[in-house]
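Chemist: Read off the chains here:
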Amino acid sequence: MAKVLMKGNEAIGEAAILAGCRFFFGYPITPQSELLEYMSLHLPKAGGTFLQAESEVAAINMVYGAAGCGARVMTGSSSPGIALKQEGISYIAGAELPCVIVNMMRGGPGLGSIQPAQSDYNQSTRGGGDGDYKLLVYAPASIQEMVDYVQISFDKADQYRNPVLIAGDGVLGQMMEPVEFSSQKATDLPAKDWATTGTDGKRAPNVINSLYLDAEELEKHNIHLSEKYAKMKENEQRWESVGIEGAELVIVAYGTTARIARSAMDNLNKQGRKIGLLRPITLWPYPEKAFEELDDATKHLLVVEMSMGQMIDDVRIVNEGKRKIDFVGRSGGVIPSTSLVEEKILEILERSE
Amino acid sequence: MAVIFERTKGLTPVSTHYCPGCTHGIIHRLVAEAMEELGVLDQAIGVAPVGCSVLAYKYFNCDMHEAAHGRAPAVATGIKRVWPDKFVFAYQGDGDLASIGTAEIVHAAHRSENISVVFVNNAIYGMTGGQMAPTTLVGQRTTTSPLGRDPKQAGFPLRISEMLATIPGATFIERVSVDTPANVRKAKRVIKRAFEIQLEGKGFALVEVLSTCPTNWGIEPTLALKWLRENMIPYYPLGNFRDATKEEVSDGQ
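Chains D and R supply the protein sequences, listed in that same order. My numbering puts the first residue of the first sequence at 27, with every later residue one more than the last. My numbering puts the first residue of the second sequence at 133, with every later residue one more than the last.
Chain D on its own, in the form it takes in the complex (with noise of 0.2 Å):
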């Protein structure tokens, strides 16, 4: 297939098409409302069904029947949008059903603003709602990124029978970028003999559920979750590593900030640094791994984040104090400049000579 020249919300509703997604149910939010637009003229045509919800409660709140019915379904919306999704995601992920999440991020708290920004990282990757319970996250940096990505997450939604969420941001949702689409299917997922079909007078009913009265069973049932949560640890971690053999300093970042990054660590190394870029592509479960391929070279971390300073704290926890970490970023939907994070890095190996 061509390539063709696409907005990142749009691409990233053409690849749920395509993926199978035949349900979508959304709220209009700035800057995701494409999403929500695209799918509202292209997955009737597709033999789909798109629905505008009267808030972001009910659409989330449509996903999960829609899920509990075996379907591919997919809701989007942007940080404040999501903060109220995530009654509905607690429950999702604690009836055990799959589906996907679009979260193009914008500046927060409260109303914040409509520009770009990574301050739903904690939002994203501990939980969000009430409950001990994880999403599956990932964080594309390209538009053929994320595009790829809505394929895998709709099969490893339901290989995991787990929501997972894509954590954009207001950059990757408005800008265009050429795009294939040539995602390969998963083959091998389980049957969703779970779902709410009508028994037919064919098997006892099946419940969509998450409450457990008894505490010994909740416990249980948290168990069960924790488990499979400690398979998609193991199995799931992605991200991609540039130069780092042989790195002073390694920059962490993801999605649109892993670009400014990249130019960053691409003009300092033509000034014979040694900087090295890692760009962790799932947010949860956080690629840990990633970090044991680090040089002894390597004294310094520096995280970059379009926020306060989020991410910082899980390359802390992995770090566990042998490498020595910085941070700087911008925030409220200022984008930071590739001379911000040259000069942050500069400083720090000026301070360390």
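Just so you know, not all the hints are guaranteed correct.
Said to hold, decoys possible - Facing chain R, a subset of chain D residues (Cβ under 8 Å, in silico):
id, residue
1, Tyr90
2, Phe207
3, Gln210
Said to hold, decoys possible - For each label pair, taking beta carbons as the anchor points, the in silico distance ranges come out as:
id, chain 1, residue 1, chain 2, residue 2, range
4, D, Ala230, R, Thr148, 43 to 53 Å
5, D, Gly136, R, Pro278, 34 to 44 Å
6, R, Leu279, D, Gly46, 53 to 63 Å
7, D, Asp219, R, Glu362, 45 to 55 Å
8, R, Pro145, D, Thr56, 52 to 62 Å
9, D, Lys71, R, Asp282, 54 to 64 Å
10, D, Ala230, R, Pro353, 27 to 37 Å
11, D, Ile249, R, Glu332, 45 to 55 Å
12, R, Ala314, D, Gly136, 54 to 64 Å
13, D, Leu215, R, Leu170, 32 to 42 Å
14, R, Thr276, D, Pro106, 26 to 36 Å
15, R, Glu362, D, Gln78, 42 to 52 Å
16, R, Lys378, D, Pro70, 27 to 37 Å
17, D, Glu260, R, Leu279, 41 to 51 Å
These are computed hints drawn from the structure, not numbers from a lab. Values in this document were obtained by computation on a predicted structure and should not be read as measured data. For each residue, glycine too, the CB sits at the ideal point set by N, CA and C.
Knowing the structure of chain D, use the given hints to seat chain R on it.
Modeler: Just chain R, lined up with the frame of chain D:
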């Protein structure tokens, strides 16, 4: 010997957790019998609420989905959009539907979702221990209106059926009661009619069922039925508030 009464296949053969004298049991049976008689049990997907009937998924003998508080109409919407040919119903109480879930019920009616909703109104929050609901009557004592509901402070009780009947998409809205055997039989006919509307593809139908809560009202079951009759029915009159299947113009024009 001739069998004159049997347990409906629409209910699972278990004891319910409902308090003695609570009318949820009767309403469950009416819903289950209606589904059985219409032959939709094996094509049915029910949505249970949060509240006293939170465990309804254990009692209805069909596929069930347990929703978050107030969200049953949204969950039912998701289900119905996936399975337009299956029978989808939501069973909700007054805390669930008339308070935390008003947006979801209004908009399910507004879209005329082709679903059936059974709305059980007992004028109180039962499961959490008898707090005031939007449907609690003026002067009624609850654990959060210990001196009786004061409309200056808490507003007047919300008449959900009358409100929903103003929505163009609400195809069928009727209020019934289960305080007497005659009213129970009437309620069954109305619930069955609401279900038929879905099977005919005619859109959103809701039956409000006035119900008792002897435990939290603090009166014995027979007196609770009398209290319902003497206090609830005057404020919440029984009858049909909308039947668009009988109207010439059904789009609110």
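Chemist: If a hint holds in the structure, say so; if it doesn't, say that too.
Modeler: Going down the list of hints, with the structure as the test:
no. : hint                              : verdict
1   : Tyr90                             : 6 Å, holds
2   : Phe207                            : 25 Å, violated
3   : Gln210                            : 26 Å, violated
4   : D:Ala230 <-> R:Thr148: 43 to 53 Å : 19 Å, violated
5   : D:Gly136 <-> R:Pro278: 34 to 44 Å : 36 Å, holds
6   : R:Leu279 <-> D:Gly46: 53 to 63 Å  : 58 Å, holds
7   : D:Asp219 <-> R:Glu362: 45 to 55 Å : 51 Å, holds
8   : R:Pro145 <-> D:Thr56: 52 to 62 Å  : 53 Å, holds
9   : D:Lys71 <-> R:Asp282: 54 to 64 Å  : 56 Å, holds
10  : D:Ala230 <-> R:Pro353: 27 to 37 Å : 33 Å, holds
11  : D:Ile249 <-> R:Glu332: 45 to 55 Å : 47 Å, holds
12  : R:Ala314 <-> D:Gly136: 54 to 64 Å : 55 Å, holds
13  : D:Leu215 <-> R:Leu170: 32 to 42 Å : 35 Å, holds
14  : R:Thr276 <-> D:Pro106: 26 to 36 Å : 30 Å, holds
15  : R:Glu362 <-> D:Gln78: 42 to 52 Å  : 45 Å, holds
16  : R:Lys378 <-> D:Pro70: 27 to 37 Å  : 32 Å, holds
17  : D:Glu260 <-> R:Leu279: 41 to 51 Å : 59 Å, violated
Hints 2, 3, 4 and 17 from the earlier list are contradicted by this structure; the remaining hints agree with it.
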